[in-house]
Amino acid sequence: MSNYESFKSLARAMFLGFRRDRGALFFTVLFPLMFLVIFGGVFGHQTTSKVKVLEIGQVPVVDQAVARDGAGLGKVMKVTRSTDRAEALRKVEKGDSDAVVEQRGGELVVHYSAADQVKSGTVRGLMDSIVQSANLAATGRPPAFKVTTQQVEDDSLKAIQFFTPSLLGWALASAGVFGASQTLVTWRTKGILRRLQLSPAPIPTVFAARVAVSLAVALVQFALFVLVAQLPVFGLKLGHSWWMAVPMVAAGVLAFLSIGMVIGAWAKSQETAQAVTQLIVLPMAFLGGSFFPLDDAPTWMKTLSYVFPLRYLNEGMLNVMGRGLGPTSALPQIGVLLGVAVAGALIATRLFRWDAA
Amino acid sequence: MAQTIEVTGLRKRYGDVLAADGVTFAVDEGEFFGILGPNGAGKTTTLEIIEGLREADEGEVSVLGMAPWPRNPRLLPRIGVQLQASSFFERLTAREQLRTFGSLYGVPAKKADVMLEAVGLTDKADVRVEKLSGGQAQRLSIACALVHDPELVFLDEPTAALDPQARRNLWDVLKEISTAGRTVVLTTHYMDEAEALCDRVAIMDAGRILRLGPPAALVRGLDAPARISVASGVLEAGEARLLPGADDADDDGVSLIISTRDPSAVVAAMAARDALDGVQIRGATLEDVFLDLTGREYRA
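Same order as they appear, the protein sequences are chains A and B. Note that our numbering has the first sequence beginning at 987, numbered continuously upward. Note that our numbering has the second sequence beginning at -4, numbered continuously upward.
In short, the hints are calculated from the structure, not lab data. Remember, predicted model here, so these are calculated numbers, not experimental data. Honestly, I wouldn't trust all of these hints.
One side only, chain B facing chain A, incomplete, derived with CB under 8 Å [claimed, not checked]:
| no. | residue |
| --- | --- |
| 1 | R94 |
| 2 | S227 |
| 3 | V229 |
In silico lysine-lysine, DSSO-like type, Cα no more than 30 Å apart, as pairs [claimed, not checked]:
| no. | chain 1 | residue 1 | chain 2 | residue 2 |
| --- | --- | --- | --- | --- |
| 4 | A | K994 | B | K126 |
| 5 | A | K1176 | B | K106 |
| 6 | A | K994 | B | K106 |
| 7 | A | K1038 | A | K994 |
| 8 | A | K1036 | B | K170 |
| 9 | A | K1176 | B | K105 |
| 10 | A | K1132 | A | K1038 |
| 11 | A | K1223 | B | K170 |
| 12 | A | K1038 | A | K1254 |
| 13 | B | K105 | A | K994 |
| 14 | A | K1061 | A | K1176 |
| 15 | B | K126 | A | K1254 |
Some chain B residues flagged as far from chain A (calculated, every beta-carbon gap over 10 Å) [what the hints assert, rightly or not]:
| no. | residue |
| --- | --- |
| 16 | L87 |
| 17 | G101 |
| 18 | K105 |
| 19 | D118 |
| 20 | N164 |
| 21 | V168 |
| 22 | S224 |
| 23 | S254 |
| 24 | V262 |
Beta carbons are placed, not taken as given, at the ideal position from N, Cα and C, and that holds for glycine.
In isolation and in its complexed conformation, chain A is listed as follows (with noise of 0.2 Å):
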């Protein structure tokens, strides 16, 4: 008898079994998918957008400033300019412009709306700085103190640097919890583990060949995630240390398939163990930070999210995916997931049963 020709035969059935699901297919890759594709699109693209500045006749000081440091003013400030006066003040009424500078000699005059704080409040710092530093130069000194800015990050954590790892957190969750309860209950009430069980191949294979379909499974969600992410019009920028991400993704499959047996063992009908798996994942998802960064959230939440095995999929994820940490920095979520595996797996040994009866 060749286990190893049970385990595949076996693997091979459970994952035609789930390709022809087009609800599960749906459910656990195109959904989280979707969720996504939404997220990314309404959150990408909130970088602040530039503050636009009309220049009505000359402004020497402005364009003498933008002159010597253009890449770095053009990232902030777009400067555009008009020949009529009352056409770009009505422009900025309307929030169509951000601001009208017009120079007259020595002075700068700086016309705003208060209807936008946050831009008003750049764009007269802005010029603010912009007539310092030209008052410096007039000097001829050197300048007696400067500022150097050191960045943390490549970039602010843009929105689909957080959505790709959390949204496929709560994908793999799903797609785990989902596909141990179900198959166990399933089998169990039509009479396939019977079957199994009056075959002479051993348990641990039958379990080994869900393990490895659920694992390849996750792997081609990560895939999807990843490259859909990575287009240009979401521009994802994974990590140096992604690959650490797929270690993390296999201790995840690991933590929810035995979180699914669990209920799937326990659950006397498919109905019980789908409600069940719903209750269970999707506080989960909303707590454990899938949908909304938890630097943000209450303290409370913050405390409670340790709760869930997902925060530390989501966490360990967005480390190596999002945060461009090493691949230390996974570590301990990959331990804590794989001792939720273990715990899990020895109640469902515990509460397992051949048959409905």
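Use these hints to put chain B onto chain A, whose structure you have.
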């Protein structure tokens, strides 16, 4: 030579219910053995203990010279168990189903396909199990039990919930199985099925075996009268009662029914009177045996 199955003093209790209460029997090699009884008689429990799915509270079970409990991987490849027709992997075709179960026993894919032909499902090979009819699913289920060519086959109510046509079709498949020299154990609650298929039957009720033997011998042992019926009016009931060999006669307005222990004499006498219009002769059946043993009508 050791018998294929030996069961001695088997007892199994579920709460207050004694599902098996001192069941003892043996099955010879190559025999088609039936366990007959109404629902809840303890047939399935007895079978499950023999298959090694459950542990007996008391008693000895030996299958092919081995103990089936606990799960015995050396015994399992030698027995085949047909389970209810829904015990299939979801969304797999008939062929894939059979190949998957075959591979658990190390059976090559080609042999699994041969099995599909043996149960007449070749043209349904690429149909998903959910789309098979009841009879087709049942045949696939039997093919799954036979895919590894076991010496001993268990069939648990294989024709339950099938229409009469599909039942007859399946009987042919079942007869085929036993001609290959296999030992077959069948549970059923259809009396006619047991009579048509089994070499010997055990009649079970309330966890006990009431009677055991070849169906014909059980019926003969009953010494029940045969019933001859003809269309009403061809003969007066009073006259019929006086026919040689007749025990009793009764006309219900549709048929005249004559009870007799010597049907050939009665039929000869009626033929002489040219009174055989629409004649039917019905001997005693296992149903009468059951009625006789339990004192109540047999209800499946």
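Which hint numbers does the structure go against, in order from smallest to largest? 2, 3, 7, 8, 11, 12, 14, 16 and 17
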